[in-house]
Structures are given as structure tokens and as C-alpha cells.
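Protein chains in written order, with the numbering used here: chain V, 14 to 359; chain F, 119 to 600.
Just so you know, the hints here were simulated from the structure itself, not pulled from any lab data.
Hints should not be assumed to be uniformly reliable.
Per the computed footprint, the stretches of chain V lying under chain F, defined by three or more beta-carbons under 8 angstroms from a beta-carbon of chain F, are [what the hints assert, rightly or not]:
1) 97-106
2) 154-165
3) 292-304
4) 347-356
Even for Gly, the Cβ is constructed at its ideal location relative to N, Cα and C.
Here are the chains, one letter per residue:
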Amino acid sequence: MSDSPALLKPAELDPATAITRQICEQMDRCLLGRESLHRLVLTGLLSRGHILLEGLPGLGKTALVRTIGNILQLDFNRVQFTPDLMPGDVLGSHILQQTESGQREMIFEPGPVFTNILLADEINRASPKTQSAMLETMQERSVTLRGQTRELPQPFFVIASQNPIEMEGTYPLPEAQLDRFLFRVMFDAVDAGVLQRIITERRQGDLPSPNWQASADDLNYLFTVMERIYLPKPVAGYIARLVAATHPDHAEAPESVKQYVQYGTSPRAAIAMGEASRANALLDGRPTVGFEDVAAVAKPVMNHRLILNYQARFDRVDASRVLTDLLEELDETGLELPADVSLQHA
Amino acid sequence: MSTIDPALQSFVRRVHAMMIYRSVLRWSALWLMIAGIVVLGIRFTSDLPGDWWKYLLASWALLVAIAWYRESQRRPDPKQLRAAFDRQNHAGGLVMAAAEVDTRSWEARSGSLALPSVQWHSGSAWLGTILALVFFITALLVPVKYARLIADPPLEISQQVEDLHEQIDVLESEYILSPQQAENKREELDRIAEQASGLNPSKTWEALDQLLHTNEQIAQQQAEDALSKLNALNEASLLGKALEMLPKGLEDQKAFEEGLKQLGQLMNQLNQDGALDPNNLPPELQKAMQQALKQLGQGEGPDAKQLKQLLEALENNQDQLLDLARQLAQKGLIPPNLADQFQPGELGGLDPGPLADLLKQHGGDFQELLEQLGPELGGRGDANRGPGHAPLLYGNESSEEGAEFQEQKLGLSVPLEQAKLAGVTITAPEVTGGEAILGQGALNTAQAGGGNALAAPVLPRHRTAVKRFFTRPGVNPPSVPE
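Okay, chain V solo, but in the shape it has when bound (with noise of 0.2 angstroms):
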């Protein structure tokens, strides 16, 4: 066991616990009625992955990325995609300008990706030309024009949103770029005594400002504390199965699965679900990452790199039914106890 990475101190641990709970705590004063959300954004955030909210228009999707923003103290840029918008409309693009020497030379000029935090709303409504210029800013974090690569500032967050209706016009965003975000997470409408509440706190709409920002350093060290984070082996070996799980060919692949997908996720959906796992644990204040943070982030980093069959078009069943499914008939433990044989908590 000497030999063993050191496991994260209280004393390591706590104070990034109490940052995260601050990051929540003014995300939730700023936007009403979105706890679990803010929660899985800010998820997102830690695991330095990119998000794809997808909801209605006016349910408060740039005002949640301009509040992140604000409260970490992030550049932010917003990008409205359209059909026109060309990719050197988003990364950037050299001018002809003449220089002091009188000589003309091609500038640089950085698009609005070079930032910190992009929000790509409507991202479907781009060109796919458009929407493949994404690719690299969001693998690589890098942008490179005439042979020259330039690194995006860091972090680097891409939150897009897209519009689950007016589908007239769009371009589906293709499964290679679908598989570069984290999570995809739904933005379902509130309660009526949240825009209760907003109705009467929210005088034209107009967000509070958080009285408590991180600091880059905050930041620094929560992303640092995540390193540490300790995923278990029988917690790998449970996202792994869990991954594998969904090919339909898997020997564990549930009946769902074997019935209505068509292609299972990809390697980068473990990868990315460990890092979530990672994340929600430090949420939690937990130096250890657990089976429940697996399950918590299970579905949103899965949700949109499940490829489904016509016949799950046909009978209605959309990913999150296979992934409930799945969730509930494969054991986290592995242990093969018989089935009239059950572990109850003391």
C-alpha cells in the first residue's frame, strides 16, 4: 500500500468542497429553480468537458453560461449559428491590413472562440462546414489557420444549445461531434412557483449579480483537487462494463439494448464518465469516487452517444428509457449472487 497513490486529506479536500459550494449556491441565487442542473454544469465544468444543452428557447440557457461566466470570473463569448455563419466568422480570420512600414501583411484577427467559455447557440442551424470547424477547438483546444495552430485560452468551455423543435433548416450535429460533448443535458421548463418567483424577482428578466466570484486560483485548485480524485478499480471496472454494455451484441447487454440500439457508445463515453464521476465526488466532498456518482452522470454523458434503431423510432423509446434500463438491470459489483438472494442495507 506504500506504494499506492496518497489518497486526498480531509484537510486537501475540504476547502474545494467549500468552493464548489459557493459556485452552487450563486448559481442557484442567480438562476431560480435549476439546482440539479447547475450542479451537472458545473460537473461538466470540472471534468473540463463541453456541454450541449438542448430546450426550449427562453428557458434561461445563456443566462445560465453568462452567470458561470460572471461567477468564475471567465471570458464569455455567445455565437448565434446560422445557416451563413462561416467557420472564419467563429475561429477567426487573417486580414490584409498595411503596417506601419507600409508594408501589407495578413493579420490575425481571433474569432469569438477564443475565449474561455463559448456558448454556440442553435449550434444545429450551422452549416455542416460550420459545425466541423468546431472539431478541433473542442478536441484540441487549438485553432489552426495557414499552417499556424494557436491554443485557445485555458479553460476552455463550448456550451451550444440546440432547439429540439424547428428541426426545418437545421443540420443534425453528426455523431463524431455529438461525441465530443460531455454531457447533453435537457433544459426542461419550471415549476409555476419558480416563474412565480421570477416574475416577481426578476423585473425584466434582469439576472443579480453573485455577490461571491472565484478566483482563477480558486479555480486552479479545484481542477487540481480533481486530479486527485481516486477512482476505484471495481468503480472503473463498473463504467467499463457499463459502457461495454450498451453494444448490443454484449453478453451483459440488457434486453432494451439488444432490442433498440443500434450502434453502443465509444471509448471516450468511459473516459468521459470517469472524469464526471470524478467531479460529482468532489460535489459530494468524497476524495473516493462511488457507484452512485457513476449513476448520476451515467445518463447525460450517454444520452446523446447512443445511436438508437428504427425500431425504437417506431415504438417511441429514446435513449434515456434504454439507459433507465440499463441502469437498473446490470449490477455495479459484478457479484453474480442467485436471484432470490438479496443484500438489504442493516
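Using the hints, position chain F against chain V.
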């Protein structure tokens, strides 16, 4: 060592114990069913051994041992049990991490970990075990008397066996069977009685019939020998009595001596045939008879006293044979008609007084006298024509009026395989022309010498066409049959 480990080990033991308990209970149901069937089978066929419960307990202990061994081999992976322990305690991976990293700094914060309970839904197993137990107890207590009757109905042959035993006793007591032969027959009879079953009674009855038939054969053969001896004894006794009554005149002396001579021959013949059994006589009579036989063998006649003793010995032997016949008939070993032929006294009911006169007339030739009287006396133990002649009557001849021969359809001809070979020639057969030697039959008018067997008649309206066909130049010779 982590503080988690003791609780974890308790959990592992608890899971293992539960799995053993589960296997034992499930297997016990099956074991009770099998034990019940075995007990039922044993009770149907025989009786349970006195210490049957020891075997029962030993087999159950073996079952428990096998269950323990099997579950020990199938014991879950400790890592998986640790993970399950973590999950059940909502430890957030801390218990799992304790196996890989040092987690002591967090154990105080995690508090005491509760031991998860292992629950088995044992309702169906208990129900099965209880039902199996009820079946076992039922198998143990159910009255199997009637079941045995159904399984193997008895065959009541005690009377037949007893009769056969008595027959064998009689045959042994009469020295017809040797003690060893009698014992063998008794053993065979006991074996038949032991194997008698209502499921297959014919087998038993056939075996008993066979034994009875053998006894009857032996007894009948012995009875026939005894009857022959009895007739000889009767003959000798009659002659002896007649000689005793013969007047002792000068002219009778020759008849008396001739009679004594023939009596001596008869007695010697009887002695050689074993009809005179000295063992059946009192000692003084045995001595007298041996003396008389000795004298008779030397051609010397017995005196009056010896003749009297001889007659007494003959009567004793007659009685012995009669007693034998009576016992055999009483046990049903000989048929009644054979038993009826055993008659005491004189031969053919002849009175010795007139016989003495006849002897005197025939000069004491008893054999000649017997030959003359033979048809009247009946059997003498040899082949005869029966008690009387039956005339051959040729009257009442059957009438042939109205009698008819039954019609019978004969075959067409002799098949080839039944044909007879008339001869073989090494030269070419002689050609006799168109006429064949066909003999009689359906081909009597047929022509031999080749050609188609089917001789279709040519109708008049076709004759011209046929003629044209056969008269084509260069194809057929001009001779065309009309």
C-alpha cells in the same frame, strides 16, 4: 489493517453462510423426497432396518458437507463482496479504495459501517422442504400391507404343499425314495412354496404339478412291481394252502411232492424277485422262512410245520404289500383302479380245497393247472388279453346309399421343379418335323417348332394389306401364309 476489514470479513462470512444454508435447504427438499421414495420402496418389499435413522442422519450430514464444499468453491470474489459492502453502506467508494490506498484519514469521518443483511426469499424452498417432509413422514407411516398385497399377491398353496410333503414322507417310509432323494424333493418343494407368487401362479402350479407327477410315476411303478409280487405271493400262498389240504395218501404223495417242488420254485423265484422281505417278519419267522427256503433250494420239501410257517411268512409279505398299496392309494399316488387290483387272499378267488382236488387230478402240476385256468383267473402280472373276450360282430354294416364322392379340383400341370428327368443326350436332339410331342393338355393341337406363341388371326378385310406387306420385292420371300 483497516478498521473496515473486520466488518468486511463478517460480511463475507455472512454471505457464505447464507449460501450454504440456501443450498442445504433446497437440497434437503430433494433429499427428503428421495429418502421418502427409498423408505417407501423398502417398506413395500421388506422391512426397514432397525437403525434406519442412522443412515438417514449420515446421508443428511453428507449432504451438508457437499453443500459446504460446493459453496466454498463458488464463494464470490472478495473484491466484489467489498464493492457490494461499499454500495450497501453508501460509502462512496471509500471501502473499495481501502483495498488499494490508505484511507485511514477518512475512516473516522465515515463513521461505523453497518453490516448489510443477506436476504434470501426462502418461502418456496421452505414450502418445498415442508412438503417433502410430509411426504417422507407419510412414506414412513403409511400402511403398506395392502400395497404389498397389490405389489405381490400371495398364492395359497399350503394344502398342496402339505399333501406333497405327506406323499414324500410315504415314499420315504416305504423305501421307494432314499433319504437323500426325499430330502432333495422336500427342498425343491420348499423352494417352490417360497417363490410362489400370485403374479405368476402358472409357474408355481406347473412346478407343483411336475413334482406331483414325478411322485405319481415313482409310486405307480413301485405299485405295479408290488402288484406283480403280490400276485406271485398269492399264487404261492394258494399253492401252499392247497398242499396243506392235500390228503396224504400214497397216490397223493406224488402230487404233494410235485406241488412242493413247484412251491419251492415259486418261493425261490419270489426270493430272487425280492418279494419275500425277511425284514417284514418276526425273528422266529425269519429264521423259519430262511430254513424253508434253504431246504427248498436244496430240493427238500418242508414238513408240515415249516409249510405252516412259510404260509405265515407269505401272508405277512402279502399284508406288507397291501399296506403299501393302501398307503399309496390313500395319498393319491396311484390311481384307484390300480389300487383295486391289490386284493388279499387267494389267486382269482380260488378256494384251496377244490384246488387241492384239481392238483391231485393233475399230478401236482400247478403250472399246467394255472395255464388251463388262466383265462378265468385274470392277470398274473404279465401281458394278457384282459378279463374277457369281446366277440367281433360284423353286423350293422354301414350303407353306401346316398354317398357321393366329393368333387376336387385338380392342378393344371406339374410344376417345373417337380418334373422328372427322362434322360440326357450328348447329341443334337432329333428333329421330328413340325409335329411336336406335346402329349395331352391344352397345347394338344398346337404346333411346335418355333414361331410366335401369339397366333393372331388375320381378318379377311386385312388379308390384302398383309399380303402386300409380305410380297414387297426384295424384302420377303414370296411365300406368304394365307
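Against the structure, the hints:
Closer than 8 angstroms: that is the beta-carbon criterion, and the segment 97-106 of chain V has 0 residues meeting it against chain F, so the requirement of 3 is violated. Counting residues of the segment 154-165 of chain V whose beta-carbon sits less than 8 angstroms from any beta-carbon of chain F gives 0, not enough to reach three: the coverage restraint is violated. A count of 8 residues in the segment 292-304 of chain V with a Cβ less than 8 angstroms from any Cβ of chain F is obtained; the coverage claim is therefore met, three being the minimum. Residue count for the segment 347-356 of chain V with a Cβ under 8 angstroms from a Cβ of chain F: 9. That meets the three needed, and the coverage hint holds.
In this structure, the earlier hints numbered 1, 2 are contradicted, and the remaining ones agree with it.
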